[in-house]
Amino acid sequence: MIDRLVDLAENRYFRLFLVGLVVLSFQTTILNDMRPFGVCLQIMLLLAASSGLARGSETGAAAGFMIGLMYDMVLTTPMGVGAAVFAAVGYLAGYAHRFVHEPNWWSQMVLAAGASAVGTILMPIALTVVGVEGVLTFRVIGIAFVVALFNAAFSLPFERICRWALSEPRVVR
Amino acid sequence: MAGNTFTRRRIILLLVLSSIMLVTLDLRGSGSVNGLRSVFGTVFRPVESVTRVVVRPVENAWHGITNYNDVVEENRRLKDLVAYGEGAKIGAVASVREAQELLALNGLPSLAGINSCSAQVVGQSPSNFAQTVEINRGSECGIRVGMPVLNAAGLIGKVTDVFDGRAVVMLLTDPGYSLAVKVVNTPPTTTTVPGAPVITVDQSTTTSTTTTTTIPKTTTTAGIPGFTPGSTLAPTVTNPSQSTSPNATVVAPTGTGDINKPGSANQSEITVPAGANLPLRETGALEGRGISKAPIIRFVENQPRFGEVNVGSPVISAGGASSLAPPDIVIGTVSRVIKRSGTLGPLLEVKISANLDALNFIRVLLYQPSTEKVNAP
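Residue numbers (our numbering), protein chains in the order written: chain A, 1 to 173; chain B, 1 to 377.
None of these hints come from the bench; they were simulated from the model.
Stretch by stretch, here's where chain B covers chain A in the computed footprint (C-beta under 8 Å, at least three residues): (1) 16-27; (2) 53-66; (3) 74-80; (4) 121-127.
Over 12 Å on every C-beta distance to chain B, these chain A residues come out as not near it, computed from the model: (5) L8; (6) N104; (7) W105; (8) W106; (9) A152; (10) R163.
Where a beta carbon is used, it is the ideal one built from N, C-alpha and C, also for glycine.
Pulled out of the complex, with its shape left as it was, chain A reads as follows:
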């Protein structure tokens, strides 16, 4: 029983879930209240993109799906939409990262910004597909720009956190 609990605690996706809980609490409190230029910053989206940047496209997609699902739990939008969009963002970030010859800090910032912008635009498109009206407006472009800018600024610490959370458990304890 204890071994199973230890195994669970060492599971990288469980660690990411715990990190996601903390990040989500920041998303629903301070970032919900502080809205620069009237835009709610999306650090859950940044977490999904950083997962892809840290561990590649496949892990990024799975991690993005989990992070998006957690975000869906606190939103009133249809469940699964955020999961699909965040999975795409995680995959995209990891896939784009492959093409960078020598990754450095600014290339990560650029990729995080790009993936965040794509995710911000994909979200209202996905919501429109499932029947939510009135969300796909030109305002989305402005929101995507602001979100991308701020996510680029915070991308480096988030990439470190995701690299730690999604690291493989040690073989020898």
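Use these hints to put chain B onto chain A, whose structure you have.
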């Protein structure tokens, strides 16, 4: 391990199918999805509460930096409003009480007969695309999905999700919100001096088309535009065929004489029943349009009797068996009238009475419309 056999395509396919399944389940109103949300809420709320306490100083500092001037300005404005409101309050309370007594006397439903549950707004949606707020009362208070939510200024939205100890309220501005409303169009009023003759001279004609008016002495109840209790004598136009100008004013007679005799004026014996000049009402559908746009009202008909909708006309809930809210809840005022060609009625933009950016204490009316009631299997 079996997990290692998954190729990239299979992983992506699995994620896509999972998303589609979740969306389908949620859109079909599956109880399992709500249960999942509830369980996650139980795990997440303590973490959120701790974070809220930790980040509060940062939030306060942020608001202190960004909103200081606005707060000072708003404080001045509110002081003026309080001074203005104090005087109107006494008369309003008496009027509301009288109205409720009248409704009760006639066996009509009123808001006073509906129980309510007070709550406080504890957070808003962290999304850029949904206009919802979360309140700190839920199913334990009797709140159910679909119940209307008000604050002191008027209607703010409806309950969309209910959990134990919390509920989610969709605001009026959300694109998914729609409600049957009434627009109260105040009929054009004329300023009159009881007893004094009003002489209107048509400047464009030299013939004797001048008409004279005597307004009978009436008592007007102040505060309700267009409403005059008691019967009033109908004004009579003297020989309208002789009036050569469209600017001629409708007048009431002064003397006595034969009403059918051209050129003479008389006081009509027709008595208009009380309230004949009550404000006219027309129903429509209020729809939210997102955070940056004012809600609009559609389906208001172009009726000659209703006339043109005036900016500033009050908008209240229409009520009805299938409506989301009981009748006569204040929503706001018409802020803009967008005319449309043909028989299409105008589109009306609405300025909501409640300030949705600064919601604090709210009241959930424990009124569940028939459309939102869950039928037992």
